[in-house]
Structures are given as structure tokens and as C-alpha cells.
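With the hints as constraints, model all of the structure from the sequences given.
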Amino acid sequence: MSHSFDEISQQLKRRHRKSTRLKWITMGSLGLAGLFLVLFFADMLSKGLPAFQQAYIQTEISYTQEAETDGRRAFDEELLPLISRTAVRTIPLELRNNPDMIGTSKAEWVLANSDVDQYLKGHRHRLSDEEQEALDARVESGQVDLRFNTTFFGSGDSKIAENAGILSAVVGTIMTMIVTLAISFPIGVMTAIYLEEFAPDNRLTQIIEININNLAAIPSILFGLLGLAIFINFFGVPRSSPLVGGMTLALMTLPVIIISTRTALRSVPESIRHAGFGVGCSRWQVVRDHVLPLAMPGIMTGSIIGLAQAMGETAPLIIVGMVAFIPDVGVSFTNAATVMPAQIFTWAGEPEQAFVEKTAGGILVLLTILISLNAFAVVMRKKFERRW
Amino acid sequence: MQTNQLLLIFCSALLLLGLLAFFAGRSKATRLRSAGTAMFAQPDQYAWFTVLSTAGPAVVVSALGAFVLLLMGADIPTLYLLAASLVIAAIGLLVSLNQVKPDFHARQAIERVIRMTLAGAALISILTTFGILISIISEALRFFQMHSFWEFITGTTWNPGASFLASAGRGDGSGAEFGSVPLFAGTFMITAIAMLVAVPIGLLSAIYMSEFAPRKVRTVAKPVLEVLAGIPTVVYGFFAAITVAPIIVNIAGFLGLDASYNNALAPGIVMGIMIIPFISSLSDDVINAVPDSMRQGSLALGMTKGETIRDVVVPAAMPGIISASLLGMSRAMGETMIVVMAAGMRPNLTANPLEDMTTVTVRIVAALTGDQEFESAETLSAFALGLVLFVITLALNLVSVLMIRRFREKYRVNNL
Amino acid sequence: MNRILKTTVIAAAVMSVAGVAQARDQIRIVGSSTVYPFASYVTEEFGATTGNPTPVIESTGSGGGLRLFCNGVGEGTPDITNASRRMKVSEFERCEENGVTDITEAKIGSDGIVLGQSSENDDIALTREQIFMAVAAMVPVDGELVENPYTNWSEIDSSLPDREISIYGPPTTSGTRDAFEELVMESASEGMDVYGDEGYTDIRSDGVYIDAGENDNLIVQRLSEDTGAFGIFGYSFLEENTDTISAASIDGVDPEAEAISSGDYPIARSLWFYVKNQHAEDVPPMYDYVDMFMSEMMIGDDGYLRDIGLIVLPEGEREEWRQAVADRTSMTADVLK
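Chains as they are written, first to last, in our numbering: chain A, 834 to 1221; chain B, 5 to 420; chain C, 8 to 344.
In case anyone wonders, no lab produced these hints; they're calculated from the structure.
Bear in mind that the values here come from a model prediction, so they are computed numbers and not experimental data.
Be aware that a few hints might be false.
[As the list claims (entries may be wrong)] Cβ pair distances, simulated, as ranges:
#: 1; chain 1: C; residue 1: SER337; chain 2: B; residue 2: PRO250; range: 52 to 62 Å
#: 2; chain 1: A; residue 1: ILE1204; chain 2: C; residue 2: SER337; range: 51 to 61 Å
#: 3; chain 1: A; residue 1: MET1129; chain 2: B; residue 2: ASN356; range: 52 to 62 Å
#: 4; chain 1: A; residue 1: ARG854; chain 2: B; residue 2: ARG119; range: 56 to 66 Å
#: 5; chain 1: B; residue 1: VAL395; chain 2: A; residue 2: ARG1121; range: 33 to 43 Å
#: 6; chain 1: A; residue 1: ALA1208; chain 2: B; residue 2: LEU98; range: 37 to 47 Å
#: 7; chain 1: B; residue 1: LEU406; chain 2: A; residue 2: MET1213; range: 34 to 44 Å
#: 8; chain 1: C; residue 1: SER337; chain 2: A; residue 2: VAL972; range: 48 to 58 Å
#: 9; chain 1: B; residue 1: PHE153; chain 2: A; residue 2: PHE1110; range: 56 to 66 Å
#: 10; chain 1: B; residue 1: LEU98; chain 2: A; residue 2: HIS1107; range: 40 to 50 Å
#: 11; chain 1: C; residue 1: GLY106; chain 2: B; residue 2: TRP154; range: 32 to 42 Å
#: 12; chain 1: B; residue 1: LEU98; chain 2: C; residue 2: GLY106; range: 43 to 53 Å
#: 13; chain 1: A; residue 1: PHE1110; chain 2: B; residue 2: SER16; range: 34 to 44 Å
We treat Cβ as the ideally placed atom computed from N, Cα and C, and that holds for glycine.
As C-alpha cells, this is what we get:
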């Protein structure tokens, strides 16, 4: 089978073209993955950024005697349907605490109804045509405006859409993460130290290692089942508390911390340990005074990454009950609380249109925190990385 | 007195005893040393020894007591338990102070305790696995006492409705069926769609990053893909339900097909996007680990780069790639939030991805939120489902690990 | 010396956190998903305007809530349960068996069960018989009971539109489901000989009736997407979502507040909550919450709950129930029969 030179060079060109095509296809698929990411963030930003603005109305509040029993009397009847119920319901309490305010009146910017808010942002709303016209007139005169949404960052959850905020979820996340770290960090680091430095190379050690690798791959919802059956039903830990949520998440974060700590410990060269033995240190002294401090940056970055993963977990916490309605911002380990991903989940289930942007806004807050945590870990790793 | 106040008093008493032990032990050791005798350990180490002997037994006894309280339901008043522990602590203090002698190896004693503590910590991970197994198996067994295992595995109707009435005393629970086939069909369908998205994109991206890409692109692309893995699943679920599902319904409508808003394509595609980084990063590592000699040899024989990749590198890396895919599949099957938010509630045995269907994880969540009675077959069915899920994901993970091991042995790579 | 000091301080701090005393002043409420929007409004108001922590409220369904409530007294059992139907005698007896012997009953208003659909559809008029034919597990065809073959509304009655039958409804834990079975299915089938004397309440399980869980909000959401389907939920959800949902008229009567309150609308029922008096000592704020719920400000003609869809009781009845609750009257089984 003799081919002419031309045939062969044709064939060669074709093969090279195929090779180049492969290059473009693979580059394209990477680009596709990147495109997904970009589209996703664009979508989240477009849905969530409006949540950081909220509609307010400038109105006159007259603190009359009747207002002490029914807050609605303090406002102009025409404007009342536009004003949020939250501004109305605190008037009686205010007047009861400050009786000398009765008889006065003042002009203030109060929170507007979610219908007004959604109308101004161009979404679906429940205002009638006349209400819309009246509203437009007020916007023109500057009485109604969109301003920075401090309620979102300053208050807890609420059934009243314009009043819903993420603070109680953020505090709940912090409390839960404290418990998670307090349990998983010591146990994880101790386990890793044992496996790397002290464990004899026998069957038991192998079993422990296989076990840890398996734990890392178990679906998160099964940890929730564990939390429900053992922590809540058997040990009696209060349901929906950061304590039980933290304990469940700690078990999930344990493998991550163990694996990253082992890697950090392994990266410390043997020469350090030998030097320690050479001057007469015992094994524990070598680990405590020499290996551990050198491995600490790696351990910290691993823990931060594990923490970030735990922060985004929802399924096990749902099973353990942390999806209650939490308007209070509580700083307790045993009272019912909620976490940010669970709050996002609950808000996503509300049919009122205003909650869609709240959900996306909550997502933006959560993503910002996670990305900052991960970036911080990466920067720390780069800074403290030592090339042996 | 309330338990919490008791606990506070106990802890402060223990703290005080510990401080006492520390200073007493250290002063005795220092005294002995300054008297001229040579000692086997430093005064500080004797001090820590006394602290450990004081606090250790007390903590162990109270923990054991608490455990017995829980397990046996025995009625030991907390006051007595904590008082007993404090007494033991005091005894420990006196005994250990006695032990502070020149010929006592305090440091070795401490280090033995430390080693046992570390080993104990390592055992906690085993306890966790046992915990998961016990909790799931025991409840699942109770379920299988109520409904036959065979029906569960092969039945095609999932209708738990009447079982609630039975446990509320309003009916006998007949008519409740627990055939899990439609649930697993839904899980497999969505997993399959996810794999169809993730494997091509993930593998091709990995090939690009390891074979073609310049260094700079690689250092940027890897973290960017990791971001995809770091996005919380509830966020993906929201994205799937609010953005992707309506798009699919519109496209289907455009093509003249009828798609439900809870179709299986939306969660499937989004889950695929989520899994891309798993597959791409693992495949990338594996492809990099293929010895360069094989590439060089192939190129030397006159094959083009593309042919080298297709016929030499990828087949060599295949066990690793399969392992990565299996891990991704196991992740997809166990995924909960995306399907809870975007998939349907209706058990539906169908081959049409445009219909609404539900999965195993959705039913587990539905059975355990809301009504929560551990006598009802519906609540227990969640554990039965969890058990099967656990077994399947465990099997997938095991096969995946075996494949990686085979690859490692074949090419003598140490860093995988 | 420094290290010892540091260790001591840390240990003391850790222990103090563990020892923080807690009294229980968080009220625990469970129960009906229909009453949930009203109860959570009151809990939010309660938490915001008095100094007490906001009560924790879970939507478990009337049946689920009553079961948890009657599990016993003490830590781990709820203080109050909401219900969209009156407690049954069997549930009361179970309560007594488990030690819950001092319960105060409170009626807060009326509610109608509506058959809602996306407002994109034309208005539709249905009768209870038609609805029964659409959801029953076994229906009479040519005088014989067979498995329900209907998949399209027009098959049941040619005057109905050509739409696939698809209904999202509550699960068996829900009081709405109990009320639906009683007021629609039983009443429609009592007259039919083929079912014998008693009514027939089994609902089909072939996928036409979809169990949508206890979260009525989810049903409302589904309807705005799945525009051909119907949903079964309480009147308040219709009120709160008029921009996306409209409801069918039943037996010729539109679901409106006056019609429901007067009894003209055929699927009307009352809303209740039950208070566990034996918890009053352990949970001090409990009665403050209960009294706030029963106040004119909440359930009165001009009250806040009316604004979010509650159909208020006539003034006389309101006053009666308010008095009974204020007296902490302990309920007996006779009132339930």
C-alpha cells in the first residue's frame, strides 16, 4: 500500500485539523462552564440588587389619643393603605412608653407597603389603577422614594414582606458556626495528629482512614437523619437550636478538617522532626512545639474552607428543624434559630412577589460571605506557604 | 436547682480544684528539686500530671453517669452525680500529690494520656459512622416490620396517605402503599441528566486545562471552576426553580411539547452544572498523572496531539475518569436542595423528562418535616429510603476508590 | 505564669457559656397551615410590641398538631395548637389518657375552603357533585363502582371546560383535608345509594390529586405556574393573592366573606386554637399571647387579621369566646359531640 506524497500530506493536514478541532472543542467546553457561572451571577445580581432598596413614604404622624389604642389613627386615611403595617403597629407601644408625645405630630419617612415597593420596581403588584395614578403623583412630588434598605440588614424575618430582613439568619449562622468549629476543629486536628504522627501502621488505622474517606462522601441529608434520631430523640437536645445544628454540621465538617490537616502535617519535612528527636524531644514535644506551628497555616486554611462548606448546607438543618419562623434576633445556643441558607429556602417558598427579590438578596449576602471566606483562605495560604 | 446552675457550679469547682492541683504539684516538685534530688521530669510536668489526675477521673465519671442516665433512664439525681465526681476529683488530687516523687516519670505519664486522648478523638469518626448506621438501620427495621421489604423494593405505587390516620388512632392504615420504584426512577432520571451535562463538559475542560492551556489560563480557570463547586445548593435550587424551569417550559412550548414547571430537566441541568468541578478537577489530576513518557512515545511515533490524547492519554486515565464520574454520580443521587426546590412532589414512573416527578431525597424531607410521629409508617419510610440511599452511594464510592487504586498501581503514581 | 492565666481564663469563659441559665419563655405553637398566617401575624406582633420573645410556630397540619399537643404535658410538648376543624372526640380522649386534662378551647373566626385556579383562566362554576366525581377514588359508572376513569373535566359534565383534571390538595395531616372530605365528599356522596348509607371519602391516588404538603403557599405558587390546575386551600390564601389566583363558585355561590360568614357558601368551617393550661406556670407569657389573639384589635370587625383574610365571627359570638378564654374554661368532651 503505497500512498503518494500528496495523499500523505493531505491525510496529515486532516489529522492536524482534527487535533486543532479538539483543542477548540475542549476550550469551548471550558468556556461553556465559565459562561454558566457568568449567567448565574448576572441572574442573581439582577434579581437581588433591587432588594437593597426599599420604598419609603414621607408622611405626617399625628400622635393623637386614639392612636394609643389603634395605631392606624395616627396616619392620614388616604395614605394608610400605602403604609406598611410595621410602622403602624409600634405606635401604641411608643405612646404608652412616652405619654408626653400625645398631641404632637411630626413628619417622617416611613416604610411603604410591599405593593408600593414592587410597583416602583416594575414587578407584579396588587394596586388598582387609581392607586397607581395617585402613587405616580406622589413620586413626582418627592413624597415617595426608593432608599437604601436598612431593614433588610437590621431586622429579622417577617411575614410582612417589606419588613423581612436577614439579621436573625446571620446571627443564627454565626451561633451555629461557633458550635460547629468548637466541636469539629479540636476533634479533627487531634484525629489528624494521631493518624499522621502516632498511629501504628496496623489494621485499625487503615479502618479509621477508610472510614473517614467514606464519611466525606455520604450525602448530607443522612447526617440530618443522624441528628434527628440520635441528638434530638435520644440525647434530647432542643430541636431547631444552633446547638443541634452545630453538632450535626460538625460531624459533616470533621472529614474535611481531618483530610486538610493531614495534608498540612505531611507537608512539614521529616528533617524538622528528626532535628527535634536529635535534641532529645519526645514525640509529643516535637509535634506540639515544631510540627504543629509550622503546619498551622495549612490547618487554618483547611478549616476555613470546611467552615464555608458548612455555612452553605441546608438539607441536614431542615431535618433537624432549623426552618422555623424566626423574627427575633436571639443570641442563644438553645433557643430556636435559623441559618442563612434555611432562610433563603423559606423565603423561596413564599408566593408574595416581594419575597423573590428578598430571596435573591439573601443569596447575594450569603455568596459574598462565602466568596470572601474562600478568598481569605486562598490569600492566607499563599502568604504563609513555605516552600521546603 | 436547675441543671444549668448545677453544671456551672460543678465546672467552677472543678476549675478551682484544677488550679489548686497545678500549684500544689508544682510547688512540691520545685521543693524536691531545690533540695538537691535529681528528678525525672520538670516541675511543670508534675503540675500538669496532678491537674490531669484531678480533673480527668471527675470528667470521666460524670460523663459515664450522664450516659447511663440516658441509656438506662436510671434516675440518678444530677446533684449526687456531680457531687460524687467532685469527691473523686479531690481524691485524685491527694493521690497524685503523693505520687510526685523524684523517680516518677511524670512526662511519660502525661504523654500516655495525651496519646490516648488523640486516639479517642480518632475513634469519634468511627462512632459517627456507627451512629449513622444505627440510627438509620434501627428506624428502617421498624419500618420493615410494618411493611414488607420486597414490596418496598419492587412496588410501583408510593401513597403513604393513610398511614398518618393509623397513628392518630383514626383508621387502620390500610391502603397505604410504599413501593419505592417511582422514587428511585426519578432519582436516576435526574442523575442521568446531570451526568449528561457534567461528564462531557467536565472531561473536555479537564483535557483542555491539562493538555492545551497555557499556564496563566490554568491558574485562573481552576479557581473559577471551584467557585461553581462552592455555591450552596439551596442557591442552585432557587436558580433552577425560578430561572431555568420557566426557560425550559417556554422552549418546550415553542417546540410544541408540554412541559411541567416541575420538570426533571431543570434540576438535572443545574445539578450537572454543580458537578462539573468534581469531574473536571479529579480528571485533571488523573490526566496530569499519566506518565509523560507515554505522550512522548506516541508523539515520537508520529501521532498528532489530538490523536495522542484520544488514543493514549484518555484510555490510560480512564479508571480515574470513571472513578470521578462515579463520585459525581453519588453526589448527584444524594443531592437534596436542588430537587426539593425544583422537582415535583408526585411519584411518577415515566421516561419523559418534561414531566414532573419526585425523588428519594424529596420524599425523605417531606416525610420528616411537618408531621413528626415516630410511630407513623410514613416518618419511618424516610429512614428506609435513607438506608437504601446510603447503601447505593457507599457502593458507588467503594467502586470509585478501587478504580483509583488500580490506576495508581498501574502507573506507580503517589500523589493521587 | 502567663500560660496558666490564659488557660484558666479560656476555661472559665467556656464554662460560663455552658452555664447560662434559661427559663422557658418562648411559647411553642403547632398546628393548622390555614391558621398559620393569622397565628404568625399575632406572634410577630406579640414579639414586637411586648417585651417577650416571639413564639415559635410550626405548620404541621391540624391533625399533626393535635397529635403533638395530646402527646402529654411538659418539656418537648407544644403549649398551643391551632386547628382548622374542631377537635375530635377520639383526640380529646387521647389527650386525657396522656395527662393533658386542662384545655381551653378558643374559636377565632370562620374560613371557607376554595377551589382556586390561576387568574389567567376564565371564571368557572362547579358543583360539589362534580368535584366529588373528579377526586373520588371509586366512582359509579353505569351503576357500578369502578376506579375513577375521569381525566378531563368535560368528561364529568359536558358544560365544563376541556381541561385536564389536576388538583393540588392538602395531605391527611391537614384539617383542610378533613373539612374537604366532610363538607364536599361526604355531603355529595351521602345521597348516592351506590355508596351505601355513609358518605364516601377516599381520594384517588393515581396522580390526578397531588398531595402538595402542609405548605399552602406552595400550592398557590404551583397554581401560578401550572395554570391548568386547581388547588384546595383556605379562603385567606385567596384573599392574599388576588393578583394571581381566582376561585371557582361552588353550587352557585361565590367564595366571598359575607357568603362564608352567613353559611351560604357550602364549604365553610370554623378556625380554632387549643391552650394547654397546665403549661401556664412554666411559660409565663402564654396567657398574654392568648388574650392578645382574642382581642378586638386582632379578630374584631376592624381588626388586623381581617385585613389579611380572616372572616370574623359575629360580635356576640366573639364576646362569648373571649370571655370563655379569659376565664380559662376547661373544656369537656360534651361540647365536641
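Status of each hint after checking the structure:
1. SER337(C) with PRO250(B): 52 to 62 Å: holds (54 Å)
2. ILE1204(A) with SER337(C): 51 to 61 Å: holds (57 Å)
3. MET1129(A) with ASN356(B): 52 to 62 Å: Given range 52 to 62 Å: holds, Cβ gap about 55 Å.
4. ARG854(A) with ARG119(B): 56 to 66 Å: Since ARG854(A) and ARG119(B) have Cβ atoms about 60 Å apart, the given range 56 to 66 Å holds.
5. VAL395(B) with ARG1121(A): 33 to 43 Å: holds (42 Å)
6. ALA1208(A) with LEU98(B): 37 to 47 Å: violated (55 Å)
7. LEU406(B) with MET1213(A): 34 to 44 Å: At 36 Å between Cβs, range holds.
8. SER337(C) with VAL972(A): 48 to 58 Å: holds (56 Å)
9. PHE153(B) with PHE1110(A): 56 to 66 Å: holds (57 Å)
10. LEU98(B) with HIS1107(A): 40 to 50 Å: holds (42 Å)
11. GLY106(C) with TRP154(B): 32 to 42 Å: holds (41 Å)
12. LEU98(B) with GLY106(C): 43 to 53 Å: holds (49 Å)
13. PHE1110(A) with SER16(B): 34 to 44 Å: At 41 Å between Cβs, range holds.
The structure fails hint 6 only (numbered hints given earlier).
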